[in-house]
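Enquirer: Sequence:
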Amino acid sequence: MKQGVIMFKEFYYPHKKSVLIKDAITEVVKMLEKVERMFSASFDYLFFGKEYSRDLFKEDVDINAGERIVRRLVFEHLTINPKQDLIPSLLLISIIGDVERIGDYAKHLWELRDYISEFKCEKNLDTIMHIKDEIIPLFGMTKDAFYKSDEEKGKKVMEKHREIKKNVDNSMKSIFLDKEILPVEAAILSNTLIYLRRISAHLSNIASSVANPFDKIRADDE
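In this text, residue positions in the sequence shown follow the working numbering: the first is 203, and each later residue adds one.
Treat the hints with care, since some could be wrong.
[Said to hold, decoys possible] Dumping the calculated DMTMM-like pairs for lysine to aspartate or glutamate here, alpha-carbon to alpha-carbon at most 25 angstroms:
| no. | residue 1 | residue 2 |
| --- | --- | --- |
| 1 | Lys285 | Asp264 |
| 2 | Lys325 | Asp264 |
| 3 | Lys252 | Glu361 |
[What the hints assert, rightly or not] Computed beta-carbon distance windows for the label pairs:
| no. | residue 1 | residue 2 | range |
| --- | --- | --- | --- |
| 4 | Asn283 | Pro339 | 34 to 42 angstroms |
| 5 | Glu382 | Ser296 | 19 to 27 angstroms |
| 6 | Glu365 | Arg270 | 18 to 26 angstroms |
| 7 | Thr281 | Lys375 | 23 to 31 angstroms |
| 8 | Asp246 | Gln286 | 42 to 50 angstroms |
No lab work stands behind these hints, which were simulated from the structure alone.
Beta carbons are placed, not taken as given, at the ideal position from N, Cα and C, and that holds for glycine.
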């Protein structure tokens, strides 16, 4: 590591963190687990009409509340100890914004179901399912990278996101060139791909807080 370069993991040890920062980190982990459930449930509902055992919109409200909790905890910590854990505090504010946006996109996926009841283009649907299956493991990897300050796992998430971006671009082209697809299906599948890419990007952003120096986090955005 170059002299003067600040890495999040330098501050990421239990004995160095304040109670408020520990509580904020715990809240972020809980929110990551919740948005993963929301993402999977939204996909099942959009493409297969499978109902969710929970209230997804209530969970979205909970995510927004969690973001406020993390911001408040960080603010309280910096008010008491402005020089302690400054970098993790700034990163937590950035990270929690990414988690909140994932929740928003999960909700948007759910809402697309209002415009269609059945998909007929199996070829394009299979492609989207493949991309979704590539994203699902990233939630657990991102959570581990964040909570355990696992730099290598963080880099793997970022590398996988770059692959997903290419797959999304290729899938978009296939949809635009498909002369048999119904307009409503093309619109919904295109929006789904956009949301998938953005969800992957936000996971990559979170992972970058561990894998990159502070001045280079979010370097591989959407």
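Enquirer: Could you run down the list of hints and mark each one as holding or not?
Expert: The hints, checked one at a time:
{"no.": "1", "hint": "Lys285 - Asp264", "in the structure": "violated (31 angstroms)"}
{"no.": "2", "hint": "Lys325 - Asp264", "in the structure": "violated (36 angstroms)"}
{"no.": "3", "hint": "Lys252 - Glu361", "in the structure": "violated (32 angstroms)"}
{"no.": "4", "hint": "Asn283 - Pro339: 34 to 42 angstroms", "in the structure": "holds (37 angstroms)"}
{"no.": "5", "hint": "Glu382 - Ser296: 19 to 27 angstroms", "in the structure": "violated (43 angstroms)"}
{"no.": "6", "hint": "Glu365 - Arg270: 18 to 26 angstroms", "in the structure": "violated (34 angstroms)"}
{"no.": "7", "hint": "Thr281 - Lys375: 23 to 31 angstroms", "in the structure": "violated (51 angstroms)"}
{"no.": "8", "hint": "Asp246 - Gln286: 42 to 50 angstroms", "in the structure": "holds (44 angstroms)"}
Comparing the model with each numbered hint stated earlier shows that hints 1, 2, 3, 5, 6, 7 do not hold.
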